[in-house]
Each structure stands twice: as C-alpha cells, then as structure tokens.
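Visitor: Please arrange chain B on chain A, whose structure you already have, making use of the hints.
Chains as they are written, first to last, in the working numbering: chain A, 1 to 492; chain B, 1 to 492.
Calculated from the structure, these hints are not laboratory results. Bear in mind the structure is a predicted one, so any value in this text is a computation, not a measurement. One should not assume that every hint holds.
One copy or any two copies: either way a pair holds, since identical chains are not told apart in the list.
In silico lysine-lysine, DSS-like type, Cα no more than 27 angstroms apart, as pairs [unchecked claim]: (1) Lys196 / Lys336; (2) Lys156 / Lys106; (3) Lys142 / Lys130; (4) Lys196 / Lys248; (5) Lys156 / Lys130; (6) Lys106 / Lys142; (7) Lys274 / Lys87; (8) Lys106 / Lys443; (9) Lys308 / Lys336.
There are 2 protein chains.
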Amino acid sequence: METARKQNLYEEVADSISNMVRCGTYRAGERIPSIRAVSRQMRVSITTAMEAYRLLEDRGVVEARPQSGYYVRPVPANTIARPDISKEEMNPVMCCVEEIVDMVFKDSMNPDFIQLGATIPNTELLPVDKLSRCLASSVRRKGDLSVSYSYPGDLKLRTLIARRAAMAGCSLAPDDIIITAGCQEAAFLALNAVCKPGDTVVIQSPAYFNHLQVMQNMNLKVVEIPSNPEDGISMDALRFVLEETAVKACLLIPNFSNPLGCCMPDKNKAVLMKLLAGYDIPLIEDDINGDLCFFHERPRVVKAFDDKGLVILCSSFSKTLAPGYRVGWITPGRYKPAIEHLKVISSLSTSTPPQMAVAEFLAGGGYDHHLRRIRRIYARQVSLLTDAVARCFPEGTNISRPEGGFSLWVEMPEYVDSILLYEQARQNGITIAPGPIFSVRQKFRNYIRLSAAFWSERTHNAIKKLGSLSAQMRKQRIVAESAAGIRKNMVI
Amino acid sequence: METARKQNLYEEVADSISNMVRCGTYRAGERIPSIRAVSRQMRVSITTAMEAYRLLEDRGVVEARPQSGYYVRPVPANTIARPDISKEEMNPVMCCVEEIVDMVFKDSMNPDFIQLGATIPNTELLPVDKLSRCLASSVRRKGDLSVSYSYPGDLKLRTLIARRAAMAGCSLAPDDIIITAGCQEAAFLALNAVCKPGDTVVIQSPAYFNHLQVMQNMNLKVVEIPSNPEDGISMDALRFVLEETAVKACLLIPNFSNPLGCCMPDKNKAVLMKLLAGYDIPLIEDDINGDLCFFHERPRVVKAFDDKGLVILCSSFSKTLAPGYRVGWITPGRYKPAIEHLKVISSLSTSTPPQMAVAEFLAGGGYDHHLRRIRRIYARQVSLLTDAVARCFPEGTNISRPEGGFSLWVEMPEYVDSILLYEQARQNGITIAPGPIFSVRQKFRNYIRLSAAFWSERTHNAIKKLGSLSAQMRKQRIVAESAAGIRKNMVI
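So here's chain A without its partners, still in its complex pose (with noise of 0.2 angstroms):
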C-alpha cells in the first residue's frame, strides 16, 4: 500500500513538471530544477523527485546533463511538427478499404520480420508466467465450470471489470459486461446490433482499419470527421455532420486513437454525449488503448458521461496482458437484447478458461502496478522512437506525439508513396502500416504507423532503412518528371 502511495506521488510530481513544460513555464533546452530544489518545493522525499526526473528522463520530456543537471529536451534537428488536422469531405462514401490491410496482420505473427507494423505488444512486456500460474490454478480448482459455457462471461472477471470501470469514470454492474472474443469481436458485435447495410456511420480520420474492414463487411457508409493529432475530433465538424446527415451511429477511439494517438479532452466529451444523446445516436466507443496512458490518471471514457445507455463501451486485455487470449468486453447499453442475441449466434460464448485466468490476474492485485510498468517502457519506446524517425526520415516529416498506446503517426513529404515504401520495407523484413488503409478515400499517401511496441538496435536500423528508402523516393520523383519533362519537350 505504502508502495503504490509512493509510486503515485513520483508520477504526480512528474505530471506537474510535464504540465509546466507543455504550457511553456519551461522551454525547450531550459534547466529545469535540480532534483534538490523539486523535492523542497514540492514537498517529497529526493528518492520520490528522482523516480520522478527519470519518468521524464523515459517520457522524453527532459534529458540529464553530466554535470549540470536535467534540461528540456531540445526538439529534434528538423522540425517535429504534429502532422496538420486531416482534411475531409464530409458527405457519406461506401466504406471501401485497400486489400493490403490483411497482410499488415499476418505480417504481424511472422517472427523473420521486424515489426513495425501492426500495434500488437511486446511479448517481453506481457506477465505470461504469472498469466501461466493464473490459468492452471484456476482450472485446477475449478474444472467443471473451466470446460462449460460461461456466458455472459466469468462472472468473477465481469465484477472485477465493473469494478475498475470507476477509474474510467464509469459506474458499471457486472451484468452491464458480456466478455468477448477480444475488443474487435465488442466492435464486430456493435456494429452489427446497430446498423443495417447501407446505413452511414460516423468515424475520425485517420481511422482504425479493423473497424473499416468490419463497416466495409457490412456494407455501411461513412463520413470521416476531421482530427486533430492533440484533441480527436473537431466537434464542430461533427455537429455540422449532425445536423445535415442521417446518421446511425458514431465509432471512436477517443483515448489515444489508433493511428492518430489523440485523446478527446473531458470537456469534448460531455459536449459529444449531449449532441449524440439529442439525436438519439449511439456511440461505439474503443478504449482498448485507454489503461495505456503515459501519465498516472487513466483519462474518462465518454461512457462516463452517458445517462441514457447510448455508449457501447468496447476493450480488452489484449494490449496489456494477452493478445492470444482473446479476453475483452462490452458493455451493450440499450442494445442489450441485440448484442446478446448475436454473440450467442456467431460464437454462443468466449472461451471459459482464459477467462478465469484474467479475473484470478485482476483479484492477485498486481495489474496496477504492471501497468505502470508497460506504461513507462512505452512512453520510453515511443520517444526514442520518435527520436529516430526525426533524426533518420526525410526533412518535412511530422510526427504525432501520443500521450499513451504505443503507435506513431507519421506524414512525409509528399513525394513518399506509403504503399510503395511497405512493399520495399517489406522485401528488406521491415513491415510497417501504410496511410492508406487508415482512410475509405484511400487518403494518407504519404503518411504511415510505425508501431514502438519494440526497442532494439535492430529496430533503430530499420527505422534508417526506411529513412533512406523515403529518401530515394524523392530523387525518383525527380528523375521521372525531369523525364517527363524531356517528353514533353520532345512533343513541342
């Protein structure tokens, strides 16, 4: 208990310098104060200031000087700027997705490559000993409940979700959870409750690909709402969208979003409940990347401002315990009866076993802390990873800079053709997502996801490689239309 107090306060103490170098109280390249003088000012112990400084040393937010002291870290040599708000046409479009996008997952399992692709964790980061021991105990003393149905789910693992649904804000019962086969069956599942083909959904852009796949599988269309790398979605697009649409329902990540990284602030949040809430739209709602904060209050779900059982909450474990568990959850709103009735006929239930394992996990009490642990090495990775792609990349990129997941979003300049630099990283083992499959226009030529998941040497030269081979790009761009050019006056 003492631990976790201490472990709470360097946090603190490291949330408050980070707010005072974001708000410009310290710039970069500044001193900032010694370690002395924060555990004065601040009141803490100088172990506490220091476990504080190194949080920000791994945040990437200060950096340590022999001698002299901690500094705010200098922005990168070329500019670092976050990629600009996207730019969307805001009328509904058939979701239509590249056929690449298939290929980014399998890519994913194949261990030749060095994966800079898909968002899937670092095994290394996962507890799988302890998941191991969780998992044999569990059956061992309760084997006849371990192979019989368990739906709607671990009623153990649904009371302990509920329970940790506070620190989201939300108010949860255990019968408001229906585990699932993962965050993407949740969202397979909304999506299908709510919407019929033909039907126009509303999402940000640059969207997730999974959840373009599912929208294109059923035929839906959509409108994409322009985002900001900082704060999601403009909320006046969508009121905009709103009024001039006739829209079925809404799919966001608004914590940390996956490419994009944005976190919608609370005030968003209410604002967007009440616009959905006056049209009567329900909000699908992915917060599988939302434990997966760098700083040590988790942000609110929208969840947490819905009074009318519009949001259909959707997670996971998948980021932070077990992808291959496949152990998520949703909590169905009004749409009880229509997300019950269809889990029940694609899969009747979520396998039993690993169930029990995640709720033993949860009850043990070590969850929190190894959240702050992943936490930590993955701000850490995302840093050094956006570090690399500054100093490596062409000038004229523009990186996002997420405050939790662990995906960068990455614009180049406009000569880059993503989808041509996926297949050439690919022939040289490296993959990456290319823009493209983010978007139903087929946007985002020249932009591409790069996954910090891993840290090595070995990823840092794959960073270069795909630095040079943007690079290259350029000077073929060059040639062809200097070609071009000699054709031209060729004809004339």
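Guide: Just chain B, lined up with the frame of chain A:
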C-alpha cells in the same frame, strides 16, 4: 495397442449382431446365440463376446433374461414408431425463428433446471482433469506462444485434426483448416462467406435452431427439404428443388442431424456431392456429432466425396471434450479468402491456450479411448430415455432412433402444444426444446427434442412429469372442444 485392437474387435462383433437384428435375421423377442456360440462362430474369445453383449445391452438392442440367455429387446408397450418423414412446402421462405430460442440456451446454464433441453454434454463425461493438466503443462512450456495470436490456429492442433480427418474419409492438410470458436462460429463464418441477404439456402427439416438464427440474422431465405428419421434428406426432393430454385448454398448435418438424429448413407453422400457439383453449389457440412456414433466405425463426411473444394466442413470438440473451451474448426475449401477475412475482422483469431490444451490432449493418444467410453454411455442413455418416453408419454407418441449423438426427436399426439408444454415444464424446473424452434414455418407444434446427456432418477421423474403434463393437454382439449360445442349449440 493390443487393448485398442481388442476393443475394436468386440465392437465389430456387436455391430455385426446389430446388423442382423436390423435386417430381421433376429426379431424382437427372439433369442440370439449364446456367448459361447458367438465366440465359436465369430472366432473371438469368450471375453470379447461378453464385452460385445454388454455393449448390445447398453445400446438397448438386446436384453439378458436370467438363466435363459440374450433376447432381442421387444418394442416397448406402446408403439414407438419413428416420427414420419416431414412434409414440406418447398418454396423459399424468409428465415424466421421463434424468439423462445435464446431462452433455451440461457436455461441450459442454470444448474437448478433438469436439463432435457439444450444438447450440451454431461460434464461428468468430459475428461476435465486431464484437459486441465494439458492446459497447465502447455502454457508452462510455451508461455510466449500462449499469449500470442494463433492465426489460423495452433499448428500442432491443425495437424492432429488433419490426421483424424482420415477416419471420416477425408484427406486434409493443416493448411486446409482454420480454428474457430466452436462449430457455431464455423457455421456463422461459412454462411456469411457464401451468402448475401436475400439468398436462398437449402436446409433439412427439422433444422438445428442455431443455424436458423444465423440465417434469420442474415435475412436469408430457406427451402426446407423433407427428411427421414433414418437416412436424412430426401434426395428426390433435393433434386427437384435444385432444378426449380436459384439456391446459393446447402447447410446440412448429414451425420446424426440435430434434432432428427438421422445419418445419411454413404451412397446418398456421393449422390449429394455430384448433384451440388453439377450446380456449383457449396455445402456447409456440420459434423459436430460425427465422432459420437454408437457403432465402432464413424460415418464418413460428405467432404470425403468432394474433389472441387465445394464442401465447407465445420466441427468442434464441444460435444466430446469441453464446450467452454470454444475450440472448433472449419475447412474453407475454395472459399478460403472470404472465410479467412471474416475470421480476422470478427475476432482476429481463436483463443490460444485452449487450442494448445486440446492439441496436447489429442497428442497424448487417449482421445479414441475416451470417445469409445462416452459413445457407449450416450448409447445407453439414449436407450434408457427412449424406454422412459415410450412408457410415460401418451399413446400415439413416436420416437426417433438415433445411432449417434444424444438427442431424441419425439412426435406427440396432435393435441399436445409443445410451446405450452415448454412453459409448463419450465415452471416445474425442467427444460425441453419445443418443436417449432426447429422450423422456419413454426411447424412441429406437437414435437419436442429431448437431450439424453444426463440420466438419473431425477431425469426419469422429469420424463414422467412431462408425460402427465402432455396427457393433461388432451383433457383440456376435450373440455375446450366440448365447451365450444355447447356454445355452438347455444347459438343455434
């Protein structure tokens, strides 16, 4: 090895005697040769002959009379004819199932009910401890794999399934198999891969209600083909329908269909395959009961006759090992790209640890021994349940005589309303599956399906109760009719 051969031998002996009974070589009430005589005639040991006779008793084929020998079991007091071949209007009709269906599934998880409704296996007959040990040992040895996605499924498991497929006459490679969350997900994926809303699917009648639910959800039309309780769908009717109707797919349970229990003879399987190949129509073949045949050689699958990749074979370990594990499989045949895609977008992959456990169980080599044991027990329970129904149900009741699986299809006198019976039974703590949920035209009003998964004094009493509830309906009908008669007279 020696034991396995011996066991096969007594089953062979039992089968050959069963066959003689079936063809009338020995008739009900007649004495069959003594154990000593059979041992001599068939050149087997006395022990083997005794085992064979015990098996025949379990199957309800013969009965021992003290000091007298073995006799072919008489048909019980009231006639137990098989239900008649179903009569169908064979034009396509929108798929529509009674809403009561979901309750039948939910009730099956309520331990307070006497379970005669859902066909969920008896947990006491599942190898719970051994599976738990397999699960614990495989995640201990291969922890990293156990937390990772396993798409298209654990390779060892797919390899073992491919090997076992030989017993069903099928030659499969591991790559021909995708692991699914049970047979239910397999059928769901198959239907979604080959059909669009409005398409017409051919099914047998009566049909499995979970299949009907998926088709209703997809807005499919169905044509119900009349089916014989002995050998399944009428090939003539099928031929006629395929000639007259634009059919998109065929969905059948050829081996021990649910609820009818019929098994399609090999020659019909060959004819079916030729017919479908002529029209290029895919067959979704649900073989979930194939391994639960009461005779020692399991029947072949239709897939064994398929050289065009038209058959999508679906099955699982839910009836034999662990329903709660949700481990099933699908052979997508020529529809592989579509089915792979649907699996990925709906749940990414099947939960990994239960797959590893089943693979380890199969590799351990006890599966066939386990199957022989449970087949024998289910055969016995089906026979006991048949007897009880024959004794306790009103006159005019007909009962199917399945040679595999563990459900009985019971036709009752016309005055019995099975939906009403379902409700009355439920009030008495008994679940049954009422006939109309097995039909898209809500037929089979006077039919019920009973599960023989459990057998005890309690089950026997439940059958008595169902019998008396049914008999009361006759009185109620007479009262109602005479009341109507009096009213009629009064008007005149």
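Visitor: Run every hint past the structure and note whether it holds.
Guide: Hint by hint, here is what the structure shows:
1. Lys196 / Lys336: Answer is both: 17 angstroms inside a copy and 25 angstroms across each meet the 27 angstroms cutoff.
2. Lys156 / Lys106: between (34 angstroms within a copy, 19 angstroms between copies)
3. Lys142 / Lys130: both (18 angstroms within a copy, 13 angstroms between copies)
4. Lys196 / Lys248: both (9 angstroms within a copy, 21 angstroms between copies)
5. Lys156 / Lys130: both (18 angstroms within a copy, 24 angstroms between copies)
6. Lys106 / Lys142: So Lys106 and Lys142 pass the 27 angstroms test across copies only (21 angstroms; inside, 35 angstroms).
7. Lys274 / Lys87: within (25 angstroms within a copy, 56 angstroms between copies)
8. Lys106 / Lys443: within (23 angstroms within a copy, 46 angstroms between copies)
9. Lys308 / Lys336: within (13 angstroms within a copy, 42 angstroms between copies)
Checked against the numbered hints listed earlier, the structure breaks none of them; every hint is satisfied.
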